[in-house]
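A.B. asks: One-letter residues, chain by chain:
There are 2 protein chains.
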Amino acid sequence: MSDAVSPLAPKKQPRMPTVEGVRIATAQAGIKYKGRTDVVAMVFDEGTTVAGVFTRSKCPSAPVEFCRQNLPGGSARVLVVNSGNANAFTGKRGRETTSMTGEAAAKAAGCAQEEVFLASTGVIGEPLDAGKFSHLLAGMVETAEPALWGEAGKAIMTTDTYPKYATAKVMIGETEVTLNGIAKGAGMIAPDMATMLSFLATDAAIDAAVLQDLLSKGVGKTFNAVTVDSDTSTSDTLMLFATGAAAKRGAPRITDPKDARLSQFRRALNRMLKNLALQVVRDGEGARKQVEVTVTGAKSARSAKRVALSIANSPLVKTAVAGEDANWGRVVMAVGKAGEPADRDLLSIWFGDIRVAHQGERDPAYSETETSAYMKRDEIAVRVDLGLGRGKATVWTCDLTKEYVAINGDYRS
Amino acid sequence: MSDAVSPLAPKKQPRMPTVEGVRIATAQAGIKYKGRTDVVAMVFDEGTTVAGVFTRSKCPSAPVEFCRQNLPGGSARVLVVNSGNANAFTGKRGRETTSMTGEAAAKAAGCAQEEVFLASTGVIGEPLDAGKFSHLLAGMVETAEPALWGEAGKAIMTTDTYPKYATAKVMIGETEVTLNGIAKGAGMIAPDMATMLSFLATDAAIDAAVLQDLLSKGVGKTFNAVTVDSDTSTSDTLMLFATGAAAKRGAPRITDPKDARLSQFRRALNRMLKNLALQVVRDGEGARKQVEVTVTGAKSARSAKRVALSIANSPLVKTAVAGEDANWGRVVMAVGKAGEPADRDLLSIWFGDIRVAHQGERDPAYSETETSAYMKRDEIAVRVDLGLGRGKATVWTCDLTKEYVAINGDYRS
Numbered sequence: 001m002s003d004a005v006s007p008l009a010p011k012k013q014p015r016m017p018t019v020e021g022v023r024i025a026t027a028q029a030g031i032k033y034k035g036r037t038d039v040v041a042m043v044f045d046e047g048t049t050v051a052g053v054f055t056r057s058k059c060p061s062a063p064v065e066f067c068r069q070n071l072p073g074g075s076a077r078v079l080v081v082n083s084g085n086a087n088a089f090t091g092k093r094g095r096e097t098t099s100m101t102g103e104a105a106a107k108a109a110g111c112a113q114e115e116v117f118l119a120s121t122g123v124i125g126e127p128l129d130a131g132k133f134s135h136l137l138a139g140m141v142e143t144a145e146p147a148l149w150g151e152a153g154k155a156i157m158t159t160d161t162y163p164k165y166a167t168a169k170v171m172i173g174e175t176e177v178t179l180n181g182i183a184k185g186a187g188m189i190a191p192d193m194a195t196m197l198s199f200l201a202t203d204a205a206i207d208a209a210v211l212q213d214l215l216s217k218g219v220g221k222t223f224n225a226v227t228v229d230s231d232t233s234t235s236d237t238l239m240l241f242a243t244g245a246a247a248k249r250g251a252p253r254i255t256d257p258k259d260a261r262l263s264q265f266r267r268a269l270n271r272m273l274k275n276l277a278l279q280v281v282r283d284g285e286g287a288r289k290q291v292e293v294t295v296t297g298a299k300s301a302r303s304a305k306r307v308a309l310s311i312a313n314s315p316l317v318k319t320a321v322a323g324e325d326a327n328w329g330r331v332v333m334a335v336g337k338a339g340e341p342a343d344r345d346l347l348s349i350w351f352g353d354i355r356v357a358h359q360g361e362r363d364p365a366y367s368e369t370e371t372s373a374y375m376k377r378d379e380i381a382v383r384v385d386l387g388l389g390r391g392k393a394t395v396w397t398c399d400l401t402k403e404y405v406a407i408n409g410d411y412r413s
Numbered sequence: 414m415s416d417a418v419s420p421l422a423p424k425k426q427p428r429m430p431t432v433e434g435v436r437i438a439t440a441q442a443g444i445k446y447k448g449r450t451d452v453v454a455m456v457f458d459e460g461t462t463v464a465g466v467f468t469r470s471k472c473p474s475a476p477v478e479f480c481r482q483n484l485p486g487g488s489a490r491v492l493v494v495n496s497g498n499a500n501a502f503t504g505k506r507g508r509e510t511t512s513m514t515g516e517a518a519a520k521a522a523g524c525a526q527e528e529v530f531l532a533s534t535g536v537i538g539e540p541l542d543a544g545k546f547s548h549l550l551a552g553m554v555e556t557a558e559p560a561l562w563g564e565a566g567k568a569i570m571t572t573d574t575y576p577k578y579a580t581a582k583v584m585i586g587e588t589e590v591t592l593n594g595i596a597k598g599a600g601m602i603a604p605d606m607a608t609m610l611s612f613l614a615t616d617a618a619i620d621a622a623v624l625q626d627l628l629s630k631g632v633g634k635t636f637n638a639v640t641v642d643s644d645t646s647t648s649d650t651l652m653l654f655a656t657g658a659a660a661k662r663g664a665p666r667i668t669d670p671k672d673a674r675l676s677q678f679r680r681a682l683n684r685m686l687k688n689l690a691l692q693v694v695r696d697g698e699g700a701r702k703q704v705e706v707t708v709t710g711a712k713s714a715r716s717a718k719r720v721a722l723s724i725a726n727s728p729l730v731k732t733a734v735a736g737e738d739a740n741w742g743r744v745v746m747a748v749g750k751a752g753e754p755a756d757r758d759l760l761s762i763w764f765g766d767i768r769v770a771h772q773g774e775r776d777p778a779y780s781e782t783e784t785s786a787y788m789k790r791d792e793i794a795v796r797v798d799l800g801l802g803r804g805k806a807t808v809w810t811c812d813l814t815k816e817y818v819a820i821n822g823d824y825r826s
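For the record, the sequence lines run as chains A and B.
If you read the first sequence in this note's numbering, its first letter stands for residue 1, the second for the next number, and so on.
If you read the second sequence in this note's numbering, its first letter stands for residue 414, the second for the next number, and so on.
Everything labelled a hint here was simulated from the structure, so no lab data went into it.
Hints should not be assumed to be uniformly reliable.
[To be verified] Here are the simulated lysine to aspartate or glutamate pairs, EDC-like style, with alpha carbons at most 16 Å apart:
no.: 1; chain 1: B; residue 1: LYS505; chain 2: A; residue 2: GLU361
no.: 2; chain 1: B; residue 1: LYS671; chain 2: B; residue 2: ASP620
no.: 3; chain 1: B; residue 1: LYS815; chain 2: A; residue 2: GLU403
no.: 4; chain 1: A; residue 1: LYS92; chain 2: B; residue 2: ASP776
no.: 5; chain 1: B; residue 1: LYS687; chain 2: B; residue 2: GLU705
no.: 6; chain 1: A; residue 1: LYS92; chain 2: B; residue 2: GLU774
no.: 7; chain 1: A; residue 1: LYS107; chain 2: A; residue 2: GLU46
no.: 8; chain 1: A; residue 1: LYS58; chain 2: B; residue 2: GLU705
no.: 9; chain 1: B; residue 1: LYS505; chain 2: A; residue 2: ASP343
no.: 10; chain 1: A; residue 1: LYS58; chain 2: B; residue 2: ASP756
no.: 11; chain 1: A; residue 1: LYS92; chain 2: B; residue 2: ASP620
no.: 12; chain 1: A; residue 1: LYS217; chain 2: A; residue 2: ASP256
no.: 13; chain 1: A; residue 1: LYS248; chain 2: A; residue 2: GLU96
no.: 14; chain 1: A; residue 1: LYS132; chain 2: A; residue 2: GLU96
no.: 15; chain 1: A; residue 1: LYS58; chain 2: B; residue 2: ASP798
no.: 16; chain 1: A; residue 1: LYS402; chain 2: B; residue 2: GLU816
[Unchecked claim] Each pair of labels, with its calculated beta carbon distance range:
no.: 17; chain 1: B; residue 1: PRO430; chain 2: A; residue 2: ASP378; range: 56 to 66 Å
no.: 18; chain 1: A; residue 1: ARG271; chain 2: B; residue 2: ASP766; range: 49 to 59 Å
no.: 19; chain 1: A; residue 1: ARG36; chain 2: B; residue 2: ALA778; range: 27 to 37 Å
no.: 20; chain 1: B; residue 1: GLU459; chain 2: A; residue 2: SER367; range: 49 to 59 Å
Just so it is clear, CB atoms sit at the ideal spot from N, CA and C, and this is done for glycine as well.
Given these sequences and hints, build the entire structure.
C.D. replies: The following block contains the structure:
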């Protein structure tokens, strides 16, 4: 594996502020990596609410099952994340590990086991020895401090080439609140370690049910609209914590998802989810270009998204983008194979603002030179109008390069 | 593109016999390629019946629509195939081309236009000028001879690295009949030219409806069970012609698909369809290994096939095979993402005869050395038992190599 940072990495990382009610500690447990941190504990003040969205895999990891079990309680006091081993497909021993870690974390934080959340990312199928880090948890909780968001973002990395951060300040009523987020790649990004993890926290005071509503609605056009190679991790985890600490400064407690005072927060949350999801795509294994695929004119939004994903997941489309080839014939192919309503003679296709195909034929004004120049960009937009209805959707992916094959073919050898 | 023949090419090509009632001609029309044949005409005796199966793409090519229109007539006198241009996504002009070619072919063969069948393979979206080869058809039909199956197999190639042939002789009643087949790659194999074409012919006397029944049932476990990269061509075409010439030698006319005298023929046909489909997989772009994926213990055969295709199409599984890495964690991932019923704790996975995972955990007897040695083979078998029911399915694919990305990323540039 090359150590090079993705050419699509952000030019500049944001400075992460603290979030009142959140303290963080990291540690080097040597689970797989040497000489770097691989465990994070996030400790939350009493009263912290929680929401989560998890992989749709039918074979989820043990930590995902653990979180799903605790989520209905709506209350969180500590989150423990390790990198290097996903604790996935580890059978009964996997459950023993989560229960042992959960117990140690609850004891360290002085809370109920139902208030503990866990995530693991790394190799699949290798037993994860909780003994490697559970003894560290008491010390970590004790020494945790608010200003370690930067460290947390690094400790959860696996094959990511850069840590992923986002932060925002917005008003809820008359009070400013903070929203922080970190993520790690993603898609299927990682060799054995296909996992997207993302954790957001705010000091706003928001009931768990409202928080879940915000998060569940937010993922559709963000984390659930990105794909690197169509492969789905057993461990994908996205969680949002709200400590409520801003209530001391006068922030209202939000108990109704329709509360108008949520509008700024909702927009900021959705922007942050999209920002983090795109950072994940831009760090897709071997990625050299970001590809935005928009489908309009579909019979429904659902149909549009399926067609868009068919295009975004097509190896032929992705290799064409890698080769800077405006190969719209492959886009037609991907529309055709999606199985959704489509009429060849109504199709139009654009690369950027250049219409390359119209009503089932190459655009009469098509210029190979102009289109080829466009394809040299870092960010490519493909738009398809199906001409059938009003359904539309946008998804994001990256190109498919030889580097992807090298990373995933050479990894264990 | 490299000129190297796939390492998985057959060691030896069969010598193709003639099929009574079929005459063949090839020509160099210079549609795209120089210095090689790119048009084939197959001329059939009066009374020839026909069956066909076509791409499921919602954006099929003009020749596919042309064939679909003529198929219900059940009668064929001439097939015209060109390589170099797929006449796909060419709008009204595409239909003008097929109708002009159909007219010229009907005139040349002295038949109705409803008895003409067409196929094109090559670049998508470029208008195909029928004038380039329609004037050749009269001469081709006149000079066509029975012994040119070898030439026909070569003339339909695009990025194939070897021509694909199969032949068999079987008894129908007391009479021996011949069955010949040719194919070209396939899957999404080809750069711009993603197309699988295959044409079979026999001198047996079989009604069109029976022929269609045989072919439609035969594709499920053969051509519809292979995948190179999950991409579906706009032009996939599989046709079976029966001239009935063997009737003169006493072969009975088969008018009922349940006729017991068909059993040898049915088996030979199914074997040939599988043989040709596998030749196509083994010539997948950049392929270095054939991968057979078998799923057993599924809730239904349909569910088993979906899980098998999810594994066979997973870029992470395919790159692992390319890297000779027995990465069964990725197989778990692909089972999980298929969306079909699966229970992690009941899963077992084998590479060849080596059980690598059992009941949701790594097999206690797992040996990395033994499994790694197995992964060095040319033909890899992956088997997954879901432990839920009796549904099973087998599909075939190839590995995903850097060469695939090179071929598809560098093609037009």
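A.B. asks: Against this structure, judge whether each hint is valid.
C.D. replies: Tested hints:
1. LYS505(B) <-> GLU361(A): Since the Cα atoms of LYS505(B) and GLU361(A) sit roughly 8 Å apart, the hinted pair holds (cutoff 16 Å).
2. LYS671(B) <-> ASP620(B): holds, 12 Å
3. LYS815(B) <-> GLU403(A): Holds: LYS815(B) and GLU403(A) sit about 8 Å apart, inside 16 Å.
4. LYS92(A) <-> ASP776(B): Distance of about 13 Å is within 16 Å: holds.
5. LYS687(B) <-> GLU705(B): Holds. LYS687(B) to GLU705(B) sits at ~12 Å (cutoff 16 Å).
6. LYS92(A) <-> GLU774(B): Given that 16 Å is the threshold and the Cα spacing comes to 8 Å, the pair holds.
7. LYS107(A) <-> GLU46(A): With Cα atoms ~15 Å apart, LYS107(A) and GLU46(A) stay inside 16 Å; holds.
8. LYS58(A) <-> GLU705(B): violated, 23 Å
9. LYS505(B) <-> ASP343(A): Holds, at roughly 13 Å.
10. LYS58(A) <-> ASP756(B): Within the cut-off at roughly 7 Å; holds.
11. LYS92(A) <-> ASP620(B): violated, 59 Å
12. LYS217(A) <-> ASP256(A): holds, 15 Å
13. LYS248(A) <-> GLU96(A): violated, 40 Å
14. LYS132(A) <-> GLU96(A): Satisfied, since the Cα-Cα distance of roughly 14 Å is no more than 16 Å.
15. LYS58(A) <-> ASP798(B): Holds, at about 15 Å.
16. LYS402(A) <-> GLU816(B): holds, 8 Å
17. PRO430(B) <-> ASP378(A): 56 to 66 Å: The hint (56 to 66 Å, Cβ to Cβ) holds, given that PRO430(B) and ASP378(A) are roughly 57 Å apart.
18. ARG271(A) <-> ASP766(B): 49 to 59 Å: holds, 53 Å
19. ARG36(A) <-> ALA778(B): 27 to 37 Å: holds, 34 Å
20. GLU459(B) <-> SER367(A): 49 to 59 Å: holds, 51 Å
Comparing the model with each earlier hint shows violations of hints 8, 11, 13; every other hint is respected.
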